[in-house]
Amino acid sequence: MTTNPRRNTGFLLGFLLIALVLAGGVSYFADSDPDGLDHATLQGCEVRETPEGEELLGDCIARNAQDHKLADSPFADYAVNGDEGLSGVAGVLGVVVTLVLAGGLFWVLRKRPAKQ
Amino acid sequence: MTTSVAMHMSDGLLNSPTTLLFIGVAVVGVGFAAVRARADLDDRTAPMAGLVAAFVFATQMLNFPVLAGVSGHLLGGALAAILVGPWVGALCVSIVLVVQALVFSDGGLSAIGANITNMALIGTAAGFLVALGLKRFAARGRAGLVAVAFVAALVNTVVASLGFVLEFAIGGDAAFDLGTVAATILGVHVLIGIGEGVITALTVGAVAAVRPDLVYLLRGTQKPLELRGKAAA
Numbered sequence: 001m002t003t004n005p006r007r008n009t010g011f012l013l014g015f016l017l018i019a020l021v022l023a024g025g026v027s028y029f030a031d032s033d034p035d036g037l038d039h040a041t042l043q044g045c046e047v048r049e050t051p052e053g054e055e056l057l058g059d060c061i062a063r064n065a066q067d068h069k070l071a072d073s074p075f076a077d078y079a080v081n082g083d084e085g086l087s088g089v090a091g092v093l094g095v096v097v098t099l100v101l102a103g104g105l106f107w108v109l110r111k112r113p114a115k116q
Numbered sequence: 001m002t003t004s005v006a007m008h009m010s011d012g013l014l015n016s017p018t019t020l021l022f023i024g025v026a027v028v029g030v031g032f033a034a035v036r037a038r039a040d041l042d043d044r045t046a047p048m049a050g051l052v053a054a055f056v057f058a059t060q061m062l063n064f065p066v067l068a069g070v071s072g073h074l075l076g077g078a079l080a081a082i083l084v085g086p087w088v089g090a091l092c093v094s095i096v097l098v099v100q101a102l103v104f105s106d107g108g109l110s111a112i113g114a115n116i117t118n119m120a121l122i123g124t125a126a127g128f129l130v131a132l133g134l135k136r137f138a139a140r141g142r143a144g145l146v147a148v149a150f151v152a153a154l155v156n157t158v159v160a161s162l163g164f165v166l167e168f169a170i171g172g173d174a175a176f177d178l179g180t181v182a183a184t185i186l187g188v189h190v191l192i193g194i195g196e197g198v199i200t201a202l203t204v205g206a207v208a209a210v211r212p213d214l215v216y217l218l219r220g221t222q223k224p225l226e227l228r229g230k231a232a233a
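Chains as they are written, first to last, in the UniProt record's numbering: chain Z, 1 to 116; chain E, 1 to 233.
Hints listed in this document are in silico derivations from the structure and should not be mistaken for laboratory results.
We put the CB at the ideal spot given by N, CA and C, even for glycine.
Some clues are possibly wrong.
Covered stretches of chain E (in silico footprint by chain Z; criterion: 3 or more residues with CB under 8 Å from a CB of chain Z, positions within the stretch not fixed) [claimed, not checked]:
no., stretch
1, 15 to 25
2, 45 to 51
3, 58 to 66
4, 76 to 83
5, 141 to 153
6, 183 to 193
Which residues of chain E face chain Z? A partial, calculated answer using Cβ under 7 Å [claimed, not checked]:
no., residue
7, S10
8, L41
9, A54
10, H73
11, F104
12, D173
13, A174
14, D177
15, L178
16, L202
17, L218
18, R219
19, T221
Label-pair ranges, simulated between beta-carbon atoms [to be verified]:
no., chain 1, residue 1, chain 2, residue 2, range
20, Z, T9, E, G69, 43 to 49 Å
21, E, G69, Z, P113, 52 to 58 Å
22, Z, E52, E, A209, 33 to 39 Å
23, Z, P113, E, G141, 45 to 51 Å
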C-alpha cells in the first residue's frame, strides 16, 4: 500500500491543525464543572470558593487529596502563570510537547527497513 | 486544595502501598507495551502515532457536560488503539498523562501509576478487545467501523473507571462506603462513555474517510472490501 508522500504530509498537517484548534480555541468552551472522578470524590462535601482557592466543607474522599507537588509550575492547571485566560496557549504548548515526546519516542522505536 | 481544572487522581486518595503497587503495574505494563509497539511502528505509522497522542491531549481538555454540575472528558484509549494499535495506543495515553502531570499539574506525581493503569492500560485493553471482537462489523464499511468505535470507546470509559474502584477497594479511605463510591463512579462514567463514544466514532470515521490505510483495526480487511464492489460508496 503506497501513499503519495505529499498527500501523507497533508493529512498529518491537517490532523495537527485540528488538535491545535481544539486545544487552543475550542477548549475555551469546555465545561469547567468537576469531571466524573472529581464528582465522585466530592460526594459529601460542599465546595466554597475563597480568595485562596477552593475550600471543601464536609466529609468527602477529596479531602484526602494533597496539593500537587508542582502546583506552582508556570503552566499549572492549564493556565500561564496563573492566567486562566491564556489556557489556549497552554493547550497549544501541551499539544506540541506531547507531539514531540510521543513522535520522538515512536520514531526511535520504529522498525527500520532492512538495508538492501 | 483540589482545583476544578484537575481531571485525574490526585496524590493522597490511595494509601502508600497501593500507590506503589500501581506504579509497579504501570511500569511493567508500559514497558511491555513499548516492546510490543515496535512491531506496529514504521516510517509511515510513527508520525501518525505521535499525532494521535497530541490529539488525545487536545481532546482531553474538552470537558463536556454529562449531568447538572458534572462534566466528563475523553480518556482516549479506544480511540488510540483503533487508530494505531493497542500497544502504541497505550503508550500514547501514557505520554499524555505524563505531560499532564509534569507540565500542567494535572494528576498527582505518585498517582501517575494508578492513572496510567486505569486510562492507558485497562481502558485501552478493554476498548481494543471490544473492537477486535467486533472487527468483522468494522470491516463491512464505514458505518460499521463508526458503530464499533462507539461501543469500544463506551466500554473503555466504563472499564477504566472500574480501575479506580478496584484501587479504592484495595487502598482507599475505608471510611467511605465502597458500594456508594462504585455506584457513583459507574453511573457517571456510563454517561461520559457515551460522549467518549461519540467523539471516538467521529474521529475514527473521519480518518477512515480519507486514510483507511492508517486505521489499525482495518489492517488486512481493505482488499476484500474493495473487491466486493457493490457496497454503496
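Against the structure, the hints:
1. With 0 residues having a Cβ less than 8 Å from any Cβ of chain Z, the stretch 15 to 25 of chain E misses the three-residue criterion, and the hint is violated.
2. Chain Z is given as covering the stretch 45 to 51 of chain E, and this holds because 7 residues of the stretch bring a CB closer than 8 Å to a CB of that chain, at least three being needed.
3. Coverage of the stretch 58 to 66 of chain E by chain Z holds in this model, with 8 residues showing a Cβ closer than 8 Å to a Cβ of that chain against a need of three.
4. Three residues within the 8 Å Cβ limit are the bar, and the stretch 76 to 83 of chain E against chain Z gives 0, so the coverage statement is violated.
5. Using a Cβ-Cβ cut-off of 8 Å, 0 residues of the stretch 141 to 153 of chain E lie near chain Z, which falls short of the minimum of three, so the contact claim is violated.
6. Note: the stretch 183 to 193 of chain E has 6 residues with beta-carbon separation from chain Z under 8 Å; the three-residue rule is met and the coverage holds.
7. Given the 7 Å rule on beta carbons, the hint for S10/E holds: about 4 Å separates it from the nearest Cβ of chain Z.
8. Interface restraint check for L41/E: the shortest CB-CB distance to chain Z comes to about 4 Å, inside 7 Å, so the restraint holds.
9. Of the supplied interface hints, the one on A54/E holds, with its beta-carbon coming within about 4 Å of a beta-carbon of chain Z, less than 7 Å.
10. Below 7 Å, beta-carbon pairs count as interface contacts, and H73/E has one with chain Z at about 6 Å; its hint therefore holds.
11. Using the Cβ-Cβ criterion of 7 Å, the hint placing F104/E at the interface with chain Z is satisfied: the shortest such distance is roughly 5 Å.
12. At its closest, the beta carbon of D173/E sits 6 Å from a beta carbon of chain Z; the interface hint therefore holds under the 7 Å criterion.
13. The interface hint given for A174/E is broken, as the beta carbon of that residue sits about 11 Å from the closest beta carbon of chain Z, more than 7 Å.
14. About 10 Å separates the beta-carbon of D177/E from the nearest beta-carbon of chain Z, more than 7 Å, and the hint is not met.
15. Of the supplied interface hints, the one on L178/E is violated, with its beta-carbon coming no nearer than about 11 Å to a beta-carbon of chain Z, more than 7 Å.
16. Below 7 Å, beta-carbon pairs count as interface contacts, and L202/E has none with chain Z, the closest being about 11 Å; its hint is therefore violated.
17. The criterion of a C-beta within 7 Å of any C-beta in chain Z is not met by L218/E, whose closest approach is roughly 11 Å, and the hint is violated.
18. A least Cβ separation of about 10 Å between R219/E and chain Z goes past the 7 Å threshold, and the interface hint is therefore violated.
19. Residue-level restraint check for T221/E is violated (minimum Cβ-Cβ distance to chain Z is 12 Å; threshold 7 Å).
20. At roughly 44 Å, the beta carbons of T9/Z and G69/E sit within the given window of 43 to 49 Å.
21. For G69/E and P113/Z, the Cβ-Cβ distance of about 54 Å falls inside the hinted range of 52 to 58 Å, so the restraint holds.
22. Checked against the given bound of 33 to 39 Å, the beta carbons of E52/Z and A209/E, roughly 50 Å apart, lie outside it.
23. Look at P113/Z against G141/E: about 32 Å separates their beta carbons, and that is not inside 45 to 51 Å.
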